[in-house]
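2 protein chains.
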Amino acid sequence: MSATAEQVERWGAFECVLNGPESGNPFTDVELNAEFRFGNRVVPVRGFYDGAGEYRIRLMPDAIGRWTYRTRSNRVELDGATGEFLCTAPAAANHGPVGVAHTYHFAYADGTPYYPIGTTCYVWNHQSDELQAQTLRTLKHAPFNKMRMCVFPKHYIYNQREPARHPCPVNAEGRIDPSRFNPAYFKHLDQRVRDLMQLGIEADIILLHPYDRWGYAEMDAMSDDRYLRYVVARLAAYRNVWWSMANEYDLMKSKTMSDWDRFFKIVQETDPHQHLRGVHNCRGFYDHNKPWVTHQSIQRADMAQVCEWRTACRKPVVVDECRYEGNIQKNWGNIPAREMVHKFWEATVRGGYAGHGETYLHPDDTLWWSHGGILHGQSPERIAFLRQLVEDGPATGLEPAGVWQGMPAAGKANAYYLGYAGNAQPAKALLNLPEPGAYAVDLIDTWEMSVTPLDGPFSGKCEIDLPGKPYTALRIRRRAD
Amino acid sequence: MSATAEQVERWGAFECVLNGPESGNPFTDVELNAEFRFGNRVVPVRGFYDGAGEYRIRLMPDAIGRWTYRTRSNRVELDGATGEFLCTAPAAANHGPVGVAHTYHFAYADGTPYYPIGTTCYVWNHQSDELQAQTLRTLKHAPFNKMRMCVFPKHYIYNQREPARHPCPVNAEGRIDPSRFNPAYFKHLDQRVRDLMQLGIEADIILLHPYDRWGYAEMDAMSDDRYLRYVVARLAAYRNVWWSMANEYDLMKSKTMSDWDRFFKIVQETDPHQHLRGVHNCRGFYDHNKPWVTHQSIQRADMAQVCEWRTACRKPVVVDECRYEGNIQKNWGNIPAREMVHKFWEATVRGGYAGHGETYLHPDDTLWWSHGGILHGQSPERIAFLRQLVEDGPATGLEPAGVWQGMPAAGKANAYYLGYAGNAQPAKALLNLPEPGAYAVDLIDTWEMSVTPLDGPFSGKCEIDLPGKPYTALRIRRRAD
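Protein chains in written order, with numbering that gives the first Met the number 0: chain W, 0 to 480; chain L, 0 to 480.
There could be a bad hint or two in this list.
Remember, identical chains collapse to one label, so a pair may be satisfied in a single copy or spanning two.
Said to hold, decoys possible - Think about it this way: if two alpha-carbon atoms lie no more than 30 Å apart in a straight line, the pair counts; the simulated DSBU-like pairs of lysine-lysine are: (1) 186 <-> 289; (2) 460 <-> 252; (3) 460 <-> 186; (4) 427 <-> 329; (5) 314 <-> 468; (6) 139 <-> 264; (7) 329 <-> 460; (8) 329 <-> 411; (9) 468 <-> 252.
In case anyone wonders, no lab produced these hints; they're calculated from the structure.
Using the sequences plus the hints, can you model the full thing?
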């Protein structure tokens with residue numbers, strides 16, 4: 000291999016560009032694939048048309064060393080091209096893609112724990128460039144490490160404007176041609192995913208959704224499938240991608256359950272990197288036991304069942320929508336910051352993860368939940384405080400540890416517990432700590448973001464004075480023997 | 000009828016005293032009944048032994064005019080006694096007993112609406128005389144018009160002391176003789192029920208409960224039945240009595256469902272005045288569809304299902320225990336005042352009724368919830384505010400009127416609505432008021448207890464600015480045409 004061979008860091012995005020036909024409809028007429036090889040391993044990858052006669056094939060190499068490839072195509076100009084590149088050690092901030100770890104939790108490919116603290120800006124990527132830049136500036140200082148965002152534009156309350164760019168060509172009547180894609184839109188989407196990657200934020204890509212006036216929600220099966228393969232071919236090489244088959248899949252009247260099964264299977268078969276796959280409900284859950292579902296992306300206002308949902312299919316629980324901090328008239332978008340923070344804590348001490356959103360009325364209808372922009376609420380800094388506590392906790396995540404006198408707790412047996420009294424205001428906690436062992440106990444005010452070590456140590460059955468106010472938590476850590 | 004005949008006001012308690020045998024066991028050996036007559040009506044009533052050779056027969060006459068009676072007994076001294084009395088118009092504060100009205104609500108016998116705003120002091124009547132006097136002083140200035148209280152003493156956390164008096168004789172081992180009753184205890188109970196009557200408070204008499212170390216919870220069937228008939232014979236003449244078969248009936252391991260059915264039927268057959276009958280659950284509900292159940296006495300923390308419970312058996316819903324304001328370590332007794340008030344509002348705007356309780360830690364373990372005493376919390380004055388609003392509302396009670404953009408509402412169609420945003424903080428409400436008609440709208444801060452009329456009138460579809468803070472309600476009243 001020559002010293003000048005192209006270099007790509009591990010879990011970086013390698014890209015090969017080929018020139019091919021522009022005539023006809025390259026999106027439907029041209030088949031392009033490549034086989035990447037690393038030693039004896041063969042990784043088949045789909046290419047995609049990117050307009051102006053350019054075809055691209057992308058790969059996220061997951062092993063350090065020499066990779067080679069050879070293309071196959073039904074067009075002679077694109078068939079049989081070969082190449083190679085050198086995969087190098089990743090940069091310090093690059094931990095690889097996130098996967099499921101310890102059954103109910105997540106970790107990056109290099110083993111670094113990943114605790115999802117997500118937010119939602121459904122169509123921030125469809126707004127003005129100025130607003131998108133503002134969103135990225137906001138995210139830089141926000142606690143979020145996952146962003147739910149849509150490929151397709153959104154037609155819904157507060158979302159009546161035309162998008163900045165359309166994923167498909169749109170005719171004079173405002174209806175899409177689903178047989179073609181708009182490369183300018185997708186180049187921009189690529190960039191936004193990379194922008195999030197730079198900020199350490201996972202892009203939870205929502206592939207379909209029901210809020211539509213252009214035809215994206217009512218494509219025929221062939222168009223749906225072609226679209227899914229196209230998006231996966233474009234984006235899978237970005238290590239921070241997650242796949243969400245849909246938002247509120249159950250509101251998409253034109254799709255059946257077998258359509259959803261097929262969509263999952265297409266993404267599973269097309270993605271060489273096996274990014275996380277979920278689907279988000281409005282009312283009824285999709286059957287998360289199905290083998291292609293990697294984690295549960297749930298919409299529910301009440302966190303009481305997080306343990307049940309975990310146990311029901313032994314997969315991580317991410318309650319991506321549990322209502323949003325805000326003041327709109329819809330009940331899903333008008334909870335106070337205290338309630339938003341409360342839901343994060345409630346999910347955490349049951350071994351799950353909650354998701355943030357914000358819906359404060361705005362003179363221009365710029366609501367974080369859809370458009371991004373700036374955050375107005377009081378929950379993000381408290382969510383940052385919780386995130387720090389969780390990151391300081393057991394690397395393997397918090398496992399449910401029962402309910403102590405009405406205080407649900409999670410942690411790691413005999414080592415670490417986080418108990419949360421929620422909106423109750425007990426003045427005492429009666430603990431029964433595992434013996435033998437002595438524990439240090441910190442009193443946590445989840446709203447004031449304070450951690451107060453209590454005089455200890457504590458062991459066995461012990462009584463702890465609490466401040467008798469809501470939103471109090473206890474952190475209990477085994478002391479070195 | 001002589002001018003000097005005894006007089007009893009309508010729904011007052013008439014009592015006839017007879018002297019009879021003291022020997023043997025008068026509680027088991029002597030049968031005593033009376034037939035009261037009012038015109039052609041015959042009302043059979045049980046008498047009871049009250050110690051020292053005295054037997055009593057009580058009746059609450061419900062019709063103005065001349066009543067007569069004749070006794071029947073298996074003892075000649077008590078058999079065939081006759082008498083009469085004159086039932087006169089009731090005093091102004093006497094509206095008669097409470098019954099079900101308009102399917103889901105309550106009214107006194109004279110038609111005056113009764114909206115239950117209950118509290119619980121399970122064994123206040125078992126405390127020192129001083130503490131009982133303090134409880135009555137507290138109740139005089141509290142908003143409550145119903146009190147849940149037990150006949151039997153209570154053995155439970157914070158309830159470890161011996162009662163001031165025992166309902167049955169207790170032997171040296173602390174076990175009861177269920178074949179006899181203690182007249183001193185029951186005379187005192189009579190007085191406490193009358194004391195509550197004087198204060199306008201319904202006495203929701205809890206006949207059985209599981210918290211016991213003396214044997215009251217484990218009597219045999221014959222003793223249970225005799226006890227029930229005894230209590231009903233004593234107390235049914237007091238117009239403010241309600242019957243609760245048990246508190247947390249489902250925790251009484253020695254009773255079966257057919258026992259509970261039998262208890263209901265005994266009370267139903269024995270009570271000549273057909274006072275309200277319910278039974279209070281811990282976990283699973285008793286089948287409130289059974290014909291002898293007059294209303295649903297529910298324990299649940301979550302008010303979301305009040306409408307469902309109503310519809311399920313078309314009887315009033317009283318969530319007598321929905322957790323208590325306090326700071327003990329048990330989750331049922333450590334909610335903040337805001338949450339207690341919130342639950343009252345949540346029940347109200349779903350067409351139901353909530354119940355209050357208070358459990359603040361106390362150096363002598365004197366917790367309102369069991370012992371009475373004084374109130375420490377911040378919810379009672381807010382509950383009084385709600386009570387006033389409800390009393391100013393439709394006389395037929397508040398009927399569910401749907402959910403307006405997440406704000407459940409109840410009222411009377413086209414006339415009156417009370418909507419409550421709960422712990423959401425909408426900055427706008429979009430109303431769709433029934434047409435034709437113009438409405439006045441008041442903004443209510445349920446915590447600050449303020450009512451602010453909004454500039455109106457309002458009609459049809461209209462948008463209302465709200466303060467964007469939790470615990471906001473709207474009162475909407477049709478204006479005179």
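Now the hints, each set against the structure:
1. 186 <-> 289: So residue 186 and residue 289 fail the 30 Å test inside a copy (33 Å) and across (68 Å) alike.
2. 460 <-> 252: between (55 Å within a copy, 29 Å between copies)
3. 460 <-> 186: neither (61 Å within a copy, 45 Å between copies)
4. 427 <-> 329: between (37 Å within a copy, 9 Å between copies)
5. 314 <-> 468: neither (34 Å within a copy, 37 Å between copies)
6. 139 <-> 264: The answer is neither: 35 Å in one copy and 69 Å across copies each exceed 30 Å.
7. 329 <-> 460: The answer is between: 16 Å across copies meets 30 Å, while 46 Å in one copy does not.
8. 329 <-> 411: Answer is between; shortest inter-copy Cα gap is 24 Å, intra-copy 39 Å.
9. 468 <-> 252: neither (46 Å within a copy, 36 Å between copies)
When the structure is compared with the earlier hints, violations turn up for hints 1, 3, 5, 6 and 9 and for no others.
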